[in-house]
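Peer 1: Next come the chains, spelled out residue by residue.
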Amino acid sequence: MSTVVIAPLLVALVTAIATLVTRTNLTVQRAVSLLGGVGYLAAAALLFRSVVLPLGSAGRTIVYQVSGWQAPFGIVLVADPLSAFMVGFASLVSLGALAYSVLYVDAYGQKLSYHTLYHFMVVGVTGSFLTGDIFNLFVWFEVMLMSSYILVLFYSGPEHTRAALNYVVLNLLGSAVMLLAIGGLYATTGTLNMADLAQRLADGSNVAVTPVLGLSAVLFSVFALKAGLVPFQFWVPAAYRAAPAPVTAMLAGVVKKVGVYAIVRLYFTVFAAASLPVSLPFVSGDSVLAFFGPVMFLMATASIVLGGVGAVGRTDLDELLAYSSISQVGFILLPLAVAATAESAAVRTLGVAATLVYAFNHALAKSLLFLASGTVQEAVGTARFDQLGGLARRAPILATGFLLGALTLIGVPPLSGFFGKLLVFQTAAGAFSGSAAGAGAALAVALAGAVLTIAYYTRAWNDAFWGAPGPAVEASLPGRWSGPVEIGAEEGEGTTGSDDFALTGQVTVVLVLALAAVGFGIGFDALYASATAAARAALDTQGYVDAVLGSAAALAGVVG
Amino acid sequence: MMGGQPQFVLAAVLGVLFALGTYLVLRRDVVRVVWGITIISQSANVYLVTMGGLSGFAPITGHGGSAESVTDPLVQALVLTAIVIGFGTTALALVLTYRVYEEHGTIDMYELGGHGE
Numbered sequence: 102m103s104t105v106v107i108a109p110l111l112v113a114l115v116t117a118i119a120t121l122v123t124r125t126n127l128t129v130q131r132a133v134s135l136l137g138g139v140g141y142l143a144a145a146a147l148l149f150r151s152v153v154l155p156l157g158s159a160g161r162t163i164v165y166q167v168s169g170w171q172a173p174f175g176i177v178l179v180a181d182p183l184s185a186f187m188v189g190f191a192s193l194v195s196l197g198a199l200a201y202s203v204l205y206v207d208a209y210g211q212k213l214s215y216h217t218l219y220h221f222m223v224v225g226v227t228g229s230f231l232t233g234d235i236f237n238l239f240v241w242f243e244v245m246l247m248s249s250y251i252l253v254l255f256y257s258g259p260e261h262t263r264a265a266l267n268y269v270v271l272n273l274l275g276s277a278v279m280l281l282a283i284g285g286l287y288a289t290t291g292t293l294n295m296a297d298l299a300q301r302l303a304d305g306s307n308v309a310v311t312p313v314l315g316l317s318a319v320l321f322s323v324f325a326l327k328a329g330l331v332p333f334q335f336w337v338p339a340a341y342r343a344a345p346a347p348v349t350a351m352l353a354g355v356v357k358k359v360g361v362y363a364i365v366r367l368y369f370t371v372f373a374a375a376s377l378p379v380s381l382p383f384v385s386g387d388s389v390l391a392f393f394g395p396v397m398f399l400m401a402t403a404s405i406v407l408g409g410v411g412a413v414g415r416t417d418l419d420e421l422l423a424y425s426s427i428s429q430v431g432f433i434l435l436p437l438a439v440a441a442t443a444e445s446a447a448v449r450t451l452g453v454a455a456t457l458v459y460a461f462n463h464a465l466a467k468s469l470l471f472l473a474s475g476t477v478q479e480a481v482g483t484a485r486f487d488q489l490g491g492l493a494r495r496a497p498i499l500a501t502g503f504l505l506g507a508l509t510l511i512g513v514p515p516l517s518g519f520f521g522k523l524l525v526f527q528t529a530a531g532a533f534s535g536s537a538a539g540a541g542a543a544l545a546v547a548l549a550g551a552v553l554t555i556a557y558y559t560r561a562w563n564d565a566f567w568g569a570p571g572p573a574v575e576a577s578l579p580g581r582w583s584g585p586v587e588i589g590a591e592e593g594e595g596t597t598g599s600d601d602f603a604l605t606g607q608v609t610v611v612l613v614l615a616l617a618a619v620g621f622g623i624g625f626d627a628l629y630a631s632a633t634a635a636a637r638a639a640l641d642t643q644g645y646v647d648a649v650l651g652s653a654a655a656l657a658g659v660v661g
Numbered sequence: 003m004m005g006g007q008p009q010f011v012l013a014a015v016l017g018v019l020f021a022l023g024t025y026l027v028l029r030r031d032v033v034r035v036v037w038g039i040t041i042i043s044q045s046a047n048v049y050l051v052t053m054g055g056l057s058g059f060a061p062i063t064g065h066g067g068s069a070e071s072v073t074d075p076l077v078q079a080l081v082l083t084a085i086v087i088g089f090g091t092t093a094l095a096l097v098l099t100y101r102v103y104e105e106h107g108t109i110d111m112y113e114l115g116g117h118g119e
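Going down the list, the protein sequences come from chains A and B.
The first sequence runs 102 to 661 under our numbering.
The second sequence runs 3 to 119 under our numbering.
Careful: at least some of the hints might be erroneous.
[Unchecked claim] With the Cβ distance kept under 10 Å, some of the chain A side facing chain B (calculated, not the full set):
#	residue
1	Phe-236
2	Val-240
3	Val-269
Don't read these hints as lab results, they were simulated from the structure.
It should be emphasised that the depicted structure is a prediction, and the values quoted were computed from it without experimental measurement.
Using N, Cα and C, we set each Cβ at its ideal position, and we do this for glycine too.
Required output: the full structure, derived from the provided sequences and hints.
Peer 2: Structure, rendered in structure tokens:
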């Protein structure tokens, strides 16, 4: 049944509207919102089951023709293993962040608009992952961004309005540029459907490929802006600090990955079909993709280095995490850069799979770290390193969660992050042994980035969690607060019972995400198999075209 | 095609509009920046319409010539969508400007950045 494709979209949309209707009663609204989050996870799991499973198979592609209009003319929603993989991890992170929000955002804020905006953001993210039409992609981006503007602005204090202003202005410019690129692509190729576009580019007889290269480069800058890659990273630290912790977790964990997904989908599935002789100083190839190899490599390198060096020097936990996020997105892009120029199909598949696995790890680990930082701020009142310290003794369970998240990003086995890092290195090494140009540099950059990651998480751990308790910690957590285990033992020590409940719940969410990182590390086979299926689907242009346009022909047969 | 004249004029107009929008975005005054963005996104819409061709007939059955001589209606549908989205975002940007003024007492970008205090 092709309706399974729109199931996650519908669940999120209905939930968004239901939370608007039930806003007069906070308890009901929270229940509806959480139920919607669980329903979204279930819908994503259903989609995953019908597209990717059984593990190890090539997977299927399910196409939903909106309103029954045939593929090149109507809008299509396409669920292939790549889309299902992205929707799958988005649903995991968004449920975690949602459960955390219920306990974190104050009652007035939740009642006002929080849940509705949150679910509309999820709608936008899901639509972006599923659509098979580039103009429709623009529309879903806008749905997602519109909600995220207001969520970044949520506290509307001086810092928040300033950060939101930057965020809104940059993204509005990005939207205008995206519209220009899409209009240009339509004028050049005469289609907006991704599969049709790929087919026309592969055919090449009626399409001028050179303008497509330029327009896709313009489009690339928009996706890089969404992903927060250097040199489009300026909005990241301020916006991440301004947004409420669970929203930051979503922005870093999921919304950024929409940019990464768009790069994989459009450049590896669609634009790679265009053949164009490329001969640049370090690279040569016969596809548009070969041109983007060096561009991605430079952006990835700059992101890893600038983000990493920036993170080491921060004085605030939230800022450190935001800069780390810039650096980690560089890591996500690096294997793509190698894959774009790689000659062998094996290295290409490995590269895209490495990107997906790393994106998954980063989504899980970074969202849990931002949530942990939010709890630290709620419990202690600040996230400045000179005020923190000794949290490992005062809040051991929270500290355990943070440590697991940090170790995941550093890449320590058996956590899932180890395999993410391993695959990035393996991709670079694979290209190196195939003596591809620049592969040695990619290895060196990955190594430097890994060392920087260790450096800044060591600093975060030393300054916030180890050592003697800082002044703010001493003031707000005079005794040992151990969260879920010894609840009630601290009654009457400054925190009220409901505060304790909220903090305990928050720590539980952090811990659950941390355990998920451990679980995906131990059961990595399943993750790797689905990432590989997704990577194969991303690189199989002909399969994608056949699935989308072939099913249109089949449908025409049924209707006509 | 019944002559490329309108396209040429529009190309020139688009150039001027983009230049104006870019100039305004680079100003220090937040309101001007919002104006600049609005102009840029509207010029993107004009650009899209231009892509559909300007010299054809209305794409309505029975109102004009054959299928080859009508203007492409798809870009107009796209622009309609983009205008609606632009309407929402412009309203948000203006409200945000007002909030920025309320919170900071200024709409000068330089002062907002923590300089000149």
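Peer 1: It remains to establish, for every hint, whether it holds in the given structure.
Peer 2: Status of each hint after checking the structure:
no. : hint    : in the structure
1   : Phe-236 : holds (6 Å)
2   : Val-240 : holds (6 Å)
3   : Val-269 : holds (6 Å)
Hint violations for this structure: none, all hints satisfied.
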